[in-house]
Structure formats: structure tokens, C-alpha cells
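There are 2 protein chains.
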Amino acid sequence: MLSEVLLVSAPGKVILHGEHAVVHGKVALAVALNLRTFLRLEPHSNGKVDLSLPNIGIKRAWDVAGLQSLDTSFLEQGDVTTPTPEQVEKLKDVAGLPDDCAVTERLAVLAFLYLYLSICRKQRALPSLDIIVWSELPPGAGLGSSAAYSVCLAAALLTVCEEIPNPLKDGDCVNRWTREDLELINKWAFQGERVIHGNPSGVDNAVSTWGGALRYHQGKISSLKSKQESITSCVPDDAALGRRNGEMKLGSPALQILLTNTKVPRNTRALVAGVRNRLLKFPEIVAPLLTSIDAISLECERVLGEMGEAPAPEQYLVLEELIDMNQHHLNALGVGHASLDQLCQVTRARGLHSKLTGAGGGGCGITLLKPGLEQPEVEATKQALTSCGFDCLETSIGAPGVSIHSATSLDSRVQQALDGL
Amino acid sequence: MLSEVLLVSAPGKVILHGEHAVVHGKVALAVALNLRTFLRLEPHSNGKVDLSLPNIGIKRAWDVAGLQSLDTSFLEQGDVTTPTPEQVEKLKDVAGLPDDCAVTERLAVLAFLYLYLSICRKQRALPSLDIIVWSELPPGAGLGSSAAYSVCLAAALLTVCEEIPNPLKDGDCVNRWTREDLELINKWAFQGERVIHGNPSGVDNAVSTWGGALRYHQGKISSLKSKQESITSCVPDDAALGRRNGEMKLGSPALQILLTNTKVPRNTRALVAGVRNRLLKFPEIVAPLLTSIDAISLECERVLGEMGEAPAPEQYLVLEELIDMNQHHLNALGVGHASLDQLCQVTRARGLHSKLTGAGGGGCGITLLKPGLEQPEVEATKQALTSCGFDCLETSIGAPGVSIHSATSLDSRVQQALDGL
Numbered sequence: 001m002l003s004e005v006l007l008v009s010a011p012g013k014v015i016l017h018g019e020h021a022v023v024h025g026k027v028a029l030a031v032a033l034n035l036r037t038f039l040r041l042e043p044h045s046n047g048k049v050d051l052s053l054p055n056i057g058i059k060r061a062w063d064v065a066g067l068q069s070l071d072t073s074f075l076e077q078g079d080v081t082t083p084t085p086e087q088v089e090k091l092k093d094v095a096g097l098p099d100d101c102a103v104t105e106r107l108a109v110l111a112f113l114y115l116y117l118s119i120c121r122k123q124r125a126l127p128s129l130d131i132i133v134w135s136e137l138p139p140g141a142g143l144g145s146s147a148a149y150s151v152c153l154a155a156a157l158l159t160v161c162e163e164i165p166n167p168l169k170d171g172d173c174v175n176r177w178t179r180e181d182l183e184l185i186n187k188w189a190f191q192g193e194r195v196i197h198g199n200p201s202g203v204d205n206a207v208s209t210w211g212g213a214l215r216y217h218q219g220k221i222s223s224l225k226s227k228q229e230s231i232t233s234c235v236p237d238d239a240a241l242g243r244r245n246g247e248m249k250l251g252s253p254a255l256q257i258l259l260t261n262t263k264v265p266r267n268t269r270a271l272v273a274g275v276r277n278r279l280l281k282f283p284e285i286v287a288p289l290l291t292s293i294d295a296i297s298l299e300c301e302r303v304l305g306e307m308g309e310a311p312a313p314e315q316y317l318v319l320e321e322l323i324d325m326n327q328h329h330l331n332a333l334g335v336g337h338a339s340l341d342q343l344c345q346v347t348r349a350r351g352l353h354s355k356l357t358g359a360g361g362g363g364c365g366i367t368l369l370k371p372g373l374e375q376p377e378v379e380a381t382k383q384a385l386t387s388c389g390f391d392c393l394e395t396s397i398g399a400p401g402v403s404i405h406s407a408t409s410l411d412s413r414v415q416q417a418l419d420g421l
Numbered sequence: 422m423l424s425e426v427l428l429v430s431a432p433g434k435v436i437l438h439g440e441h442a443v444v445h446g447k448v449a450l451a452v453a454l455n456l457r458t459f460l461r462l463e464p465h466s467n468g469k470v471d472l473s474l475p476n477i478g479i480k481r482a483w484d485v486a487g488l489q490s491l492d493t494s495f496l497e498q499g500d501v502t503t504p505t506p507e508q509v510e511k512l513k514d515v516a517g518l519p520d521d522c523a524v525t526e527r528l529a530v531l532a533f534l535y536l537y538l539s540i541c542r543k544q545r546a547l548p549s550l551d552i553i554v555w556s557e558l559p560p561g562a563g564l565g566s567s568a569a570y571s572v573c574l575a576a577a578l579l580t581v582c583e584e585i586p587n588p589l590k591d592g593d594c595v596n597r598w599t600r601e602d603l604e605l606i607n608k609w610a611f612q613g614e615r616v617i618h619g620n621p622s623g624v625d626n627a628v629s630t631w632g633g634a635l636r637y638h639q640g641k642i643s644s645l646k647s648k649q650e651s652i653t654s655c656v657p658d659d660a661a662l663g664r665r666n667g668e669m670k671l672g673s674p675a676l677q678i679l680l681t682n683t684k685v686p687r688n689t690r691a692l693v694a695g696v697r698n699r700l701l702k703f704p705e706i707v708a709p710l711l712t713s714i715d716a717i718s719l720e721c722e723r724v725l726g727e728m729g730e731a732p733a734p735e736q737y738l739v740l741e742e743l744i745d746m747n748q749h750h751l752n753a754l755g756v757g758h759a760s761l762d763q764l765c766q767v768t769r770a771r772g773l774h775s776k777l778t779g780a781g782g783g784g785c786g787i788t789l790l791k792p793g794l795e796q797p798e799v800e801a802t803k804q805a806l807t808s809c810g811f812d813c814l815e816t817s818i819g820a821p822g823v824s825i826h827s828a829t830s831l832d833s834r835v836q837q838a839l840d841g842l
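As they're listed, the protein sequences go chains A and B. Each step along the first sequence adds one to the number in this note's numbering, with nothing skipped, and position 24 is 24. Each step along the second sequence adds one to the number in this note's numbering, with nothing skipped, and position 111 is 532.
Treat the hints as calculated values from the structure; they're not laboratory data. Treat the numbers as computed from the prediction; the structure is a model and nothing was measured. The beta carbon of each residue, even a glycine, is placed where N, CA and C say it ideally should be. It cannot be assumed that every hint is accurate.
Said to hold, decoys possible - Pair by pair, the computed Cβ-Cβ distance ranges are: (1) B:Ala523 <-> A:Gly25: 23 to 29 Å; (2) B:Thr503 <-> A:Pro311: 38 to 44 Å; (3) B:Lys684 <-> A:Pro311: 28 to 34 Å; (4) B:Lys684 <-> A:His24: 57 to 63 Å; (5) A:Ala384 <-> B:Asp471: 57 to 63 Å; (6) B:Lys684 <-> A:Gln383: 51 to 57 Å.
To be verified - Simulated crosslink set (DSS-like; lysine-lysine; CA at most 27 Å straight-line): (7) A:Lys263 <-> A:Lys370; (8) A:Lys92 <-> A:Lys48; (9) B:Lys684 <-> B:Lys702; (10) A:Lys370 <-> B:Lys791; (11) A:Lys263 <-> A:Lys382; (12) A:Lys281 <-> B:Lys469.
What the hints assert, rightly or not - Over the 12 Å line for every Cβ pair with chain B, so calculated as not near, a few chain A residues: (13) His44; (14) Cys161; (15) Arg278; (16) Lys281; (17) Asn326.
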């Protein structure tokens, strides 16, 4: 067991193209969003496991001795175990959560305990740990905050238990794990996601683990570069490992964006059902529309690949046209919203192109920021969107996946959050 | 030669679905717009042919004797002659138009002279006529104003020359010609359109002649009911002939609409070229989009047929969904405009559904008015659109085609216009 403090981060995700169409067997492009979740893990010797999630006001502690005395054989199902409903029920007893516990808190605690017990039970003794997780990602906004949480937990717990080595070498500000280690992190993170979501697609944890951009098609997740291979056999660009935030990953460039949260609540299930109903009602109209969306994803994939190899300004123009067309297509599928129209209108008036991302019907939208855009223009756009009542953040997509950081490399805002200040 | 005064009217047209897609071999639905062009023809004996077009401030007169002495054999090319560039050049000499004559005036005068000389030259002597044409249709807005003009001229001239009988019987307020007579009117009107537009599709004059709704597909024009036949062999519902404005025609119901002119000037040629370029640039994206638009037209045709047979409120909901989807599709083709977005937004806020009609990029849009909508709501919507700087008219589509009226049946506004007041 390692004894040093570990600082781990993992990105959120947005769907660049293919939301909704993916449900009907089309390609979706998911990209890592450089709004990150940060985890600080400190081994200590007070016989407690402390979990602190300041974003949602959670602070829990368990006695290691009590957890140690549990019969955790119910978790034994091979190397990486898939949580069953029975296991999750047993975990609820272990967690000792009050009956009136909020859903978010219950799921966050259960996912933690599941990963902690499953990963650490192979140790001679369960470790005493102090863990704090803080995120830049708003929860429940379809930005993969739960996956980033699971990825951070899996990476930190696997590292502290020496299931995978700590890739951070003396003098490194940030580093990443090897392909094999990332695969293991991803597998465990997926189990955490299963505790939280029941039957997740696995895209969110894959994007948060690998970073860059991934393609999801009929249940298969692959990198954009080696799209014929599933992610478990894809070989990330080793040279890219350890690159800093905002740099290229897996051949896909980092793109600056505005991420706007309209804060209009949406019902993903109802929106997905609405598209299905429209497809059933108007098959001859909607099926070719889904085909057109699929082609947008493929064209975007092609352009991103080209940008990774030989960037040129006109590629941004194509990305903008694709964004516009897909936004109209999503509207035609019936998943638009007046707030998203407003977002598109406000940015369009400034020569910028936006689309909804995720389920639609409100929620979040992304706006592409071309290189060379003056900062005052960006600020004016953010200001205009904020005056609409939206939350607006300037960030990037195509961000690096799960990373490990030196204490001094994190900016003071993150440091303070992880210090519980 | 008849000696009575003839009062003829013909409707404009709007494209309900399929604009732009029609250029790429897809179906378009064109419907008669109940904004009409009215023509008053009075035979007189002063040896003059007078043409008055108050909408564009034109008043011209020619001496019948002068026209009679012309060698008009250049017009002799069979029953219905197709104007050649040489003929049009010769007509310019006949017309005696000044060099600085506006294009609209020149084309209106040439089309008149072409139809007058071609149709009346079979008479023993060219008739002395006083003709005034006044229209509710704004010119150059893609609403088929030139076709309505040609149709009125052809119907009135063929009737006064007794090439076709006057269908107006004693006591009739309004009546229409038989199928065969309408076919002849349509053929001549098409020649007038050729003088004006060079190479028109023939849709505008067909809609203005037949009324109701027509389908245009790969150069073939057919009625919605008997869509396998071209219009020249289609048999309109004889019972429908003679029905009053706003009633059913050719199995297609009249639908109440708002017609909104954004007054944003558009360049049809550039818009058509833009779609073609987008299709060439993104064939995999745009081709299925055109397929989807085609399916919208077909579905609309099916619903209109159903409405003609067994009207039900839910059919309007489908028409609204089709309008919304097509508007998004037209935006995806790149032929939208901020003014059209505004139109859609304003009407949407009142639960109404709109789409652009015609070339897009500004121009006109239509808004479906469901039955049962309260007049104050309609007025409020018109008011809101007018405050956007748009012209907004409440009218209907699926209107009757070219008709002949009794003097007393025309409303006073039309009477006054035709009396030159």
C-alpha cells in the first residue's frame, strides 16, 4: 500500500454529435469535457475511512474495523465484479445511510463503498483513507459527472492499493497511466457507474478515462483513430499520455467551446420516447433524418482526424456547418427547446454556432469558439448568455482523460476545494 | 366575339412543402392561395386596346388598326404557340416601349401583347378592348402573381373570342370553366409565363388555373387525387367546379393561414445554388435530408386527401408537425433567415406553426390556423407579426382556380380597384 497523498482528476463529457440517433443504432461522438472532477486521497492511521463530497455537502466516515469484519465475500466474482441488485442491497446495510437520504448522496456513497471494498479487499487489511472529491461539473446536467467521480475513485483506489503503479515521477506536474492500467481503471469505473445508473452505456466512463474523443456505435466504443477496434483493444497514442490539459489526445484536437447550461430541467426518458414515437409515426420522414445525423457524426469524425494531422482554418467552418445542421435535425426530432433556440440565436448574432448536447429539451448546449476569436468577443457572448439566465463556462473538449497530479501543479481554487476550505 | 363585360379572377400560389427539394427530383406540393388577381375586360368600339395595371402604375393603349396591320404570322406555330426569343424581340417593337421601361412593366406588356395577338388573331378583326388587371398579390414575392396575371388574361381573351364558352349563367355569382376549357386556359397562360420567365416550371399557372393543391414531381404536374396522371389528363371533380371561394377543390380542403411577408429581399438563384453546393459538399448528409423532405410532402398529400374525405381535428396536428419538421429541414439546407426564425418564434409562442414558403432566405412564410381558433387570437398574432415589421394577411390555401364572376358578386374593394378608383 502506498502512503503518499494522491491527486487525481478526470474529465466530464459532452456528446458532440449523434445524441438520440445513437439510440437507433447510429454513431455518436462523445468528447472529454475539460471540466474536471478532482480527488485527493490521503492514507492515514486513525482507523477510519472518510469520504467528503463538498459539492453535495456530504461528509461520511466508517470504521475500518467495522468494514473489515464484514463478510465481503458477496463481492467476490472474479477480477472486476459487476454489481448485482442483491449486492447493492447489502451495501446499503454497510453504508448505514438514513432512510431519508437523498438519491444523489445514497448513490455516491454506495458507488464509493462498492469500489473501496471491491478493490481494497485483496489487501491484507482494509486501508484507512481520507478521500475528498470535488468537481467543476454540475451534477445531473448530462455531463458525465458520475462517471468522472467513478473514474477518479477507481484510479486512486487501484493506485493506493498498488494494483496499478503510480505514474507520477519526481518532477512531473501531471502524468497518466499506461494503456493496460487505464483499461483496468475503466473497467472498475464502469462498475461504479453501474451502481449509480443500473445499466449505463459505458461511454461516459470510457471518455473520462481515455479523454479525447470516442465514437459509440451499437454498443461498441472505439477511439476516433482506430475506429474498427473496440476501446479495450485500442492503443492510445503513448506519446500523448502525460500531455497537459487542452492538448491533443488520441489524434483528436482540443476545441475551445462555451458550455451553456440553460438550467431548463429536462426529462431524458420522455425525450427519448418522443423521438421513438416520432419515428414510429413518420418512419419515412424520421429514418432518413437519423441517417443524415449519422453522416454528420461521420463527417465530423473525418474532419477531427484531419485536424489532428493537418489543422487548417476551413476545418472549423465545416465543424460549424455540421453543428448548425445537427441542431436543426435535433429540432426536427422534437428535442429542441425555446431556451436552446435562444442560445443559438444569441451566439449566431455574434457569428458563433451552437447546438444542444445530450438529451435536449433544455439542458446544455455547446458553442464552438474558433481560434483567433478575441477574448472581448468571447466575454461579450458569455455576458449575453448569462443575461438570458443561463450558466456559461469557457472550456474545451478533447481534454485528456484521467490524470494524476503533483500537489503544486493544481491551481489554488482546486487546492482550496480539496483542502475543504 | 362577345360584347359583355367579363370579370375574371385567378389565385396565387404557395409551396406548401417541397421547395428546393423539387430541384433535386423530389415532390413539391403547390396550393392555390386565395389572394387573387382580378381582371375586367370590356369590349368597346373606340378602335383602341387599353391595358391598365394599377398595382404597378401602368396604363398603355394601342391602336387596333396599327396592330391589325402587323404581320403577325410570326406567331403562327400551331394551336398554342410557344414564344421564341425572336418573337419576343418582335413584340418589343410592336409594344413601342421606351428604352428605360422597368422590367416588370416590359414583361407585363409583352405577355399581354403576346396573348392578345396570338389568341385574337384568329378573329376576323382584332377586337377593341379595355382591360384592367388588379391584384391582391404582392409582386415578386414568389406567390405566383405573374401566373395569376397570365391565367386571367388567357381566360378572358379566350372567352371574349369565343374560343371557350362563358360559363357564367344568369343568376350565377361565380362559375368556372369545364376541364377542357381549363386545359386550354392553362396552356395559353403557360405561354404568357414563358414570355415573362423564359423557362417556368408550369406549376404556378397550373395551380392558378385548377386551384386546390397540385403535386409537382420531376416535371410532371398532377392533382393530389389522381396523382398518377398528369394534369392534362387528370379529371377534376366536376361537382367542385363552380364552388365558392374557400370550399373544397380537387379533394383538397381549404386551409386557413396567415401569409407573412418578411419583406427581406432574397436571391432565389443564390439560394438554389447554395443548396446545390451543400449537397455537393455533404452528399451523405444532405441527400437523406431531401429524402426526408420528400416524405413530408407525401405524408402531407396523404393527410390532405384524408381531410378531403373525412376531416378530423388530429389531421391538423399532423399538418403542424409536418410544417415544423420541414421548416427545420429548410434551415438545415441553409435557406432559413433570422426574419423567418422570428416569424416561427412569434407564432410558436401562440401555439401556431409556421414555415417559409418558396425560396426562403427571407420572403414569405405561412402559418396554419386551426379551425376553432378565436378571432382575437388571430388578430393578436397578426398584430405581433406586424410589429416585427412584416406584412401579414389572413387568407386561405386550396382556393378555387380561375373563375368568372358577376359584377355584383365582387366585393366593393375589388369593384373600386377595377373601376380604376
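Checklist entry - So which of the earlier hints does this model not fit? => result 1, 2, 3, 4, 6, 9, 10, 12, 15, 16, 17
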